[in-house]
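Enquirer: Chain residues, written in single-letter form:
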Amino acid sequence: MEYILHLFILICFYTLLSQSLNLSAGFTGLISLAHAGFYGIGAYTTSILSTQFGFSFWLSIPLAMFISGVISLIVSLIALRTVEDYFIICTMGIQVILSSIMNNWMDLTRGPLGIPGIPSISFFGITLDSKMSFLLLSLFFVALVWFVLRNVSKSGFGKTLLAISEDEIYSQSIGKNVYLSKTVSFTLSAMFAAIPGTLYAHYISYIDPTSFTVAESIFVLSIVIIGGLGNLTGSFLASAFLVLLPEALRFVGMPDNIAANMRQIIYGLILVAVMMTGKNGVKELFTSKAKRTA
Amino acid sequence: MIQIIANILIASSLYLLLANSFSLIYYPSRIFHIANAAVISFGAYFVFFFANKFSIPFSVSVALAIVGATLIGLACEVLVYRQMRKKNVPPLAYLIASIGLYVLLQNYISLFFGDDTKIINTAEVTVGNQIFGAYITTIQIITVFVSIALFIAVNWFLHYTATGKSIRAVASNPELCNIYGISSSKIILIAFGIGSALAAIAGILTAMDTSMTPTFGFNLLLYGVVAMIIGGIGSTRGLIAGALLVATAQHLAAYYIDTKWMDAITYIILILFLIWKPLGFSGKRLKKVEV
Chain B
558 MEYILHLFIL
568 ICFYTLLSQS
578 LNLSAGFTGL
588 ISLAHAGFYG
598 IGAYTTSILS
608 TQFGFSFWLS
618 IPLAMFISGV
628 ISLIVSLIAL
638 RTVEDYFIIC
648 TMGIQVILSS
658 IMNNWMDLTR
668 GPLGIPGIPS
678 ISFFGITLDS
688 KMSFLLLSLF
698 FVALVWFVLR
708 NVSKSGFGKT
718 LLAISEDEIY
728 SQSIGKNVYL
738 SKTVSFTLSA
748 MFAAIPGTLY
758 AHYISYIDPT
768 SFTVAESIFV
778 LSIVIIGGLG
788 NLTGSFLASA
798 FLVLLPEALR
808 FVGMPDNIAA
818 NMRQIIYGLI
828 LVAVMMTGKN
838 GVKELFTSKA
848 KRTA
Chain W
35 MIQIIANILI
45 ASSLYLLLAN
55 SFSLIYYPSR
65 IFHIANAAVI
75 SFGAYFVFFF
85 ANKFSIPFSV
95 SVALAIVGAT
105 LIGLACEVLV
115 YRQMRKKNVP
125 PLAYLIASIG
135 LYVLLQNYIS
145 LFFGDDTKII
155 NTAEVTVGNQ
165 IFGAYITTIQ
175 IITVFVSIAL
185 FIAVNWFLHY
195 TATGKSIRAV
205 ASNPELCNIY
215 GISSSKIILI
225 AFGIGSALAA
235 IAGILTAMDT
245 SMTPTFGFNL
255 LLYGVVAMII
265 GGIGSTRGLI
275 AGALLVATAQ
285 HLAAYYIDTK
295 WMDAITYIIL
305 ILFLIWKPLG
315 FSGKRLKKVE
325 V
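These protein sequence lines are chains B and W, in that order. Counting from 558, one number per residue, gives the positions in the first sequence under this note's numbering. Counting from 35, one number per residue, gives the positions in the second sequence under this note's numbering.
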């Protein structure tokens with residue numbers, strides 16, 4: 558039972574991560590590979606604040622979002638000068654730099670040793686140390702972020718983002734501020750990524766740089782693409798699928814070490830298949846783009 | 035100091051080979067072939083497989099490994115990219131499919147060989163040769179010569195043979211090539227073949243010099259990509275300059291700061307270039323960026 562709750566909590570984390578990435582990747586067409594970096598910034602901010610300065614979770618979560626937002630704003634000033642392939646490579650470079658800082662800035666992050674002893678979240682004097690209570694808290698954040706993102710995507714701003722992902726030059730010609738919209742979307746996406754970061758740190762109570770690597774970024778991007786770009790429900794379903802997949806493989810009698818590789822092989826395969834056929838929600842976004850480039 | 039210069043030369047010749055491999059594929063096909071990283075790893079692991087598991091003579095294993103890895107590169111093109119080209123998918127889809135292919139192939143390596151560090155056992159004991167006071171291993175000397183020889187050979191091929199000229203023609207305009215009777219998909223296949231073989235050679239040389247893990251190809255590939263972007267696409271001299279700059283910056287960073295910051299420095303250079311000189315040294319404009 559405890560383990561099932563643990564899996565549900567993981568699904569919540571990946572739903573938060575993939576939905577926040579969907580704002581920039583899906584709605585705006587900014588396919589970023591730096592998302593795990595911002596996830597990590599959230600986790601590290603709350604870990605350092607709570608272990609060294611005794612900040613409570615409720616104070617460190619807005620601070621983590623703020624710091625992630627500031628860093629992503631700086632990053633967007635650099636990355637948004639590039640387009641398409643170069644944007645992806647640029648964000649991947651930023652991801653490597655962020656991982657490198659987590660790994661090597663010993664005074665701040667303790668490097669590969671990680672930060673242990675992150676306290677549990679307390680809520681009006683009640684400590685949320687049971688898995689059930691943590692799941693409820695995570696579900697609250699999933700609902701909140703889902704609600705916000707849904708409204709953002711339905712708002713005029715969301716429509717602008719969709720227009721940019723379909724035709725940047727046309728959007729500009731009808732008077733939309735493309736650069737500003739892209740920056741806002743990228744920054745918001747990174748700020749939301751800090752939320753699962755803080756939750757993760759308080760949940761596991763120990764963090765180290767291996768959780769926030771390029772591979773993790775690729776994994777989150779895969780969830781978004783498998784679920785469908787611009788499809789929030791799809792992101793949730795894909796998160797659930799990919800979190801539960803290794804369990805399913807274990808259930809059919811596959812050893813743990815093989816199941817871990819098999820999961821990656823399966824999601825690699827799905828990624829290739831989705832891209833080859835253009836199905837699964839990817840279609841709407843890409844067919845309209847194909848017309849422009851053709 | 036001489037040791038640093040020697041290390042820079044060795045690293046830059048390796049990066050030149052990697053950049054050469056990647057750009058040869060990127061140039062005609064415009065596919066950001068991330069899965070080339072898996073081809074690099076496969077090359078090295080195939081040598082390990084043939085030489086250490088089956089004790090096939092070393093030179094034969096190397097040849098078999100290059101062939102094997104090249105076949106994987108060709109399979110990527112035939113089974114995935116070519117099908118995508120028929121459907122006329124947008125450019126970004128290739129990169130994402132390529133990332134998927136990389137994840138797929140890399141995990142096959144992990145599955146069959148394990149994630150631990152492996153060493154290719156060569157029969158001869160590599161003793162450091164002292165040249166002008168710098169210690170260089172035999173394999174490093176081979177790396178430098180092989181990389182430079184292959185670089186010259188590939189450039190000669192691109193400029194003085196009919197097939198090579200066709201590759202450059204496809205790079206500049208695939209549709210016009212089809213009209214003139216050059217099959218662009220055949221030419222891209224040839225480019226994939228040569229590019230994959232070069233990648234496999236780079237992987238084997240690196241694995242023999244140091245050691246290998248299933249993911250070691252990824253960093254190598256990205257150094258090559260950075261060298262290519264810095265150099266500017268489609269420029270011979272640009273590639274050399276890019277490889278030299280990446281290697282120099284990495285080794286100076288390793289010497290003056292710490293080896294652990296080498297990767298970060300590489301990407302900082304890439305980002306600085308993308309801001310101030312997005313077209314690289316050569317300044318040749320990519321079609322894609324124009325819009």
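Since the hints were derived computationally from the structure, they do not count as laboratory data. There's no promise every hint is true.
Some chain W residues close to chain B (C-beta under 8 angstroms, calculated; not the full set) [to be verified]:
| hint | residue |
| --- | --- |
| 1 | Phe66 |
| 2 | Ile90 |
| 3 | Pro91 |
| 4 | Val94 |
| 5 | Pro125 |
| 6 | Val137 |
| 7 | Asp297 |
A virtual CB, placed ideally from N, CA and C, is assigned to each residue, including glycine.
Enquirer: Going back to the hint list, which numbers does this structure go against?
Expert: 2, 3 and 4
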